[in-house]
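Here is what each chain is made of, one letter per residue.
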Amino acid sequence: MTALMDFFLVFTQPQLFLLVGLGTFAGVYVGAIPGLSVTMAVSILISFTFSWDVYPAISLMIGIYMGGVYGGSRTAILLNIPGAPSAIATALDGYPMAQRGEAGTAIGVTTVMSFIGGFIGIGVLALAAPFVSDFALKFQPRDYMLLAILGILLVGSLSQGSLVKGIFAGALGIAIGAVGRDPLTFTERFTFDLNLLNGGISFIAVMIGMFGVSEALLQLHHVDKDAVRQKISRIVPSLATVKKHLPLSLQTSTIGVIIGALPGTGGDIAALMAYDHAKRVTKNPEVPFGEGAMEGLVAPETANNAAVGGAFIPMMTLGIPGDAVTAIMIGALFIHGLNPGPMLMIEKPDMFWFIVGCLVMANVFMLIFGLTGIKLFTKIVEMPRAVLIPLIMLLSIVGAFAVNNAVTDVYWMLGFGVFGYFMRHYGYPLGPVILGVILSRLLDDNWRRAIISEREELGRFFWGIVTSPLSLTLLVAVILIFVSQTPVWRWGKSKLFKES
Amino acid sequence: MKRILMGAVAAFALTTGMAVAEYPEKEIQGIIQWGAGGSTDTVMRSVTPHAEEILGGTVVMQNMTGAVGAIALNYVADAAADGYTVLMGAENPMLYKIMGLGDKDYSEFTPINILARGTPLLVANNDAPFNTYSEMIAYVKEHPGEVRFGSTGPGGLPSVVTAMVEAVEGDLDVIFVPYDGDGPALTGLQGGAIDVMPAVLGAAIEGVKAGNMKALGLVDVARNANLPDVEVVAEVNDGYNTYLPWGPFFGVFAKNGTPDEVVAKLTAAYAEAAQNADFVALMEGRGFTLMNISGDEAEAFLSKWQQGTAWLLQDAGMTKASPEEFGIARPGE
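If you're matching them up, the sequences are chains P and D in order.
Going letter by letter, the first sequence gives residues 1 to 500 in the working numbering.
Going letter by letter, the second sequence gives residues 1 to 333 in the working numbering.
Hint data in this document are derived by calculation from the structure and do not stem from the laboratory.
There may be inaccurate statements among the hints.
Claimed, not checked - Example chain P residues on the side facing chain D (calculated, C-beta under 10 Å, incomplete):
1) A178
2) D182
3) N198
4) L220
5) H222
6) M329
7) P340
8) L344
Claimed, not checked - A few chain D residues that face chain P, going by a derived Cβ cut-off under 10 Å, partial list only:
9) D41
10) A70
11) G183
12) G191
13) G192
14) A271
Just so you know, even glycine gets a beta-carbon here, dropped at the ideal spot from N, CA and C.
Start from the sequences, fold in the hints, and give me the full structure.
Okay, here's the thing in structure tokens:
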């Protein structure tokens with residue numbers, strides 16, 4: 001009964017209600033600007049809300065988090081520049097839709113799907129948090145390694161056209177991710193004795209350059225062409241559309257919750273995996289993937305918003321952050337005199353239900369803010385290119401600087417922007433580069449952790465994999481996905497069908 | 001002419017005098033060496049608002065991470081020594097020189113306040129076949145190459161604690177599994193990826209209280225009120241008294257050359273802020289030992305800390321350069 005009251009606290013107190021709304025609104029716009037991340041916004045809020053009560057502070061942070069994860073899709077669809085790494089997959093099909101003048105529809109679908117994904121994540125958090133966190137803890141270094149390999153196989157889905165070029169791009173990403181001091185031994189890698197390379201290359205800077213600047217440069221080719229007129233008659237997707245995609249959105253939300261709940265992986269990996277999943281299970285999309293398939297929007301958007309609820313699961317049950325944002329929230333709770341940890345849910349269950357309540361509220365606000373103001377947003381793409389291109393450049397520079405307040409990141413961003421332009425020009429996909437950068441550390445660190453724990457004996461390592469049900473399942477998944485992308489599979493399948 | 005000159009000098013003296021008297025006349029930048037939500041971050045963000053009230057100014061805190069905190073340290077070292085850019089850091093810079101991570105340490109800074117010190121302890125997975133520090137040592141000696149210890153790279157707290165244990169108890173034949181921070185390592189510990197982890201009390205206390213992991217022993221000289229039943233390594237082996245008490249610390253630093261009046265003002269503000277009841281409760285609940293020291297006392301603490309730790313790591317063969325090269329004397333010499 002008290003749980004219900006704590007849950008409804010945010011709905012009954014106008015101040016908290018407004019703060020969640022304000023946070024969500026701000027989050028949508030912060031999230032839409034590449035480089036301005038939710039993590040940054042929440043860490044600024046920590047000092048800002050220090051003197052407040054804990055409830056209003058948490059309301060505002062949760063609003064920003066929910067809104068920000070969603071906001072990244074806006075610029076991905078409209079400008080082909082993901083506002084955050086978790087929106088990279090959204091750009092693959094969202095931008096082609098905007099090019100056809102269907103930006104309104106695309107934004108409508110992403111909003112509703114984010115809402116559905118968000119709710120599934122919150123539902124799992126509210127009903128099954130202890131079970132999911134127990135499951136998440138079972139992941140050993142070797143399982144994270146297998147998960148990273150599974151992620152790397154996504155290169156196949158992300159490289160439209162030539163797979164070889166996709167593999168090249170992915171390998172480049174992995175190499176970029178390896179630059180800097182190795183976090184496990186502090187040994188310098190690919191630093192050429194340059195101090196500025198010691199800290200590694202900020203992958204947000206790489207992302208902004210590759211997507212933002214290269215897009216601006218590419219647009220220069222068509223400066224005189226008229227912008228695509230956007231149809232904005234139908235924004236809210238019909239019930240039939242939602243129903244049609246419901247099975248897929250449930251599957252991808254599950255991917256989102258689990259990947260989000262794993263400490264060390266977050267919405268970015270979840271969204272890419274969900275996109276790959278959609279591509280695999282959708283037999284006959286109305287429009288091919290990569291050319292504006294609705295499924296290509298449904299999958300990543302449900303997954304990255306479901307990952308929000310997922311990330312709160314280990315945070316609330318164990319005091320272990322599920323991602324960077326929840327890591328900062330743990331600090332915020334601590335500053336406000338609470339001791340985030342496994343005892344929090346037992347000693348202060350009110351905090352848990354209050355957070356669930358805030359998430360629900362933020363999710364509803366996200367739907368409202370997402371479906372309004374689309375007209376204004378779509379105007380961005382209708383802007384003359386002579387205005388739009390300098391604007392993209394400016395935002396990219398501000399965004400890259402904001403990551404670490406370092407001019408070095410701006411240079412990296414510009415450099416990768418020019419490089420990305422030539423990559424696109426010669427048909428190299430950019431998605432796999434970012435995928436590589438994201439997965440580089442996950443793969444490298446966990447492979448070494450796994451093999452070191454087995455006294456560097458390969459035999460013991462493989463024995464460990466085949467005797468653990470979890471590792472074995474992941475290994476089988478890796479093998480199946482790999483084989484299904486090779487000619488052997490097609491050959492085997494055709495033979496099988498002939499016989500039957 | 002002379003009169004004009006005198007007037008100018010007087011005016012100059014007056015304005016500079018006033019500028020100092022009015023410190024802070026603009027925002028103070030507080031550069032936090034570690035990321036948002038971490039130990040250093042939370043300590044600084046908890047104490048600074050109280051100091052702001054006393055100072056009557058604003059301190060804008062900013063996280064500047066990277067290169068084990070060296071980026072933040074260099075940033076403050078390159079800023080003007082006017083007290084408007086202060087460093088909010090942890091113990092790491094004291095090891096930069098010997099670990100080859102940088103050429104500057106806190107000797108280039110004036111300690112405003114060393115706020116608190118963490119107590120290290122050894123925690124273990126609940127299924128580990130030992131329950132106390134002494135049982136663990138016995139088990140490791142009977143089962144060489146079996147127990148997995150978490151570590152966070154050379155120079156990190158686990159490496160220093162392990163070096164200390166090995167210096168006192170002799171070499172341990174265990175597997176060291178590297179993690180990029182104590183948070184991920186403690187997560188791995190709960191999932192069974194590692195058996196033992198040297199951690200700071202604050203990071204592990206909630207997990208221990210909840211029964212998600214067990215505390216083997218505190219790396220300290222006296223028992224701790226937060227975990228009164230947990231044995232202390234110095235009780236088990238006298239050899240630890242050479243190195244203890246030891247622990248990571250958090251402090252606020254101003255660049256050398258900052259005007260004395262400014263240093264005095266900052267010091268007074270932080271000294272009073274560190275006594276604030278809310279802050280004290282927060283620190284104790286989290287298992288930090290309050291220090292609240294400044295001036296010569298802080299300088300003495302820093303050099304003792306650096307000597308002990310640097311030579312421990314040097315003897316364990318983990319350093320890149322000998323402490324001797326930088327004039328860091330062996331403790332007791």
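Do the hints match the structure? See the list:
Hint status for P/A178: violated, given a least beta-carbon distance of 14 Å to chain D, over 10 Å. With a cut of 10 Å, the hint placing P/D182 at the interface with chain D holds, because the nearest CB-to-CB distance is about 8 Å. Below 10 Å, beta-carbon pairs count as interface contacts, and P/N198 has one with chain D at about 5 Å; its hint therefore holds. A cut of 10 Å between beta carbons decides the hint on P/L220: the least distance to chain D is about 34 Å, and the hint is violated.
Look at P/H222: its Cβ only gets to about 39 Å from chain D, farther than 10 Å, so that hint breaks. Restraint check, P/M329 versus chain D: the minimum CB separation of about 7 Å is within 10 Å; hint holds. With a cut of 10 Å, the hint placing P/P340 at the interface with chain D holds, because the nearest CB-to-CB distance is about 7 Å. Checking P/L344 against chain D by beta carbon gives a least distance of about 8 Å; that is within 10 Å, so the hint holds.
Taking 10 Å as the C-beta cut-off, the interface hint given for D/D41 holds, the closest approach to chain P being about 6 Å. Against a cut-off of 10 Å between C-beta atoms, the interface hint on D/A70 holds, since the closest Cβ of chain P lies about 8 Å away. Contact between D/G183 and chain P, as hinted, is supported at the beta carbon level, the nearest pair being about 7 Å apart and thus within 10 Å. A distance limit of 10 Å between C-beta atoms decides the matter here; for D/G191 the minimum to chain P is near 4 Å, and the interface restraint holds.
Interface restraint check: D/G192 against chain P, minimum CB-CB distance 7 Å, threshold 10 Å, status holds. Proximity of D/A271 to chain P is violated relative to the hint, the smallest CB-CB distance being about 20 Å (cut-off 10 Å).
Violated hints, listed in ascending order, are 1, 4, 5, 14; each of the other numbered hints is respected by the structure.
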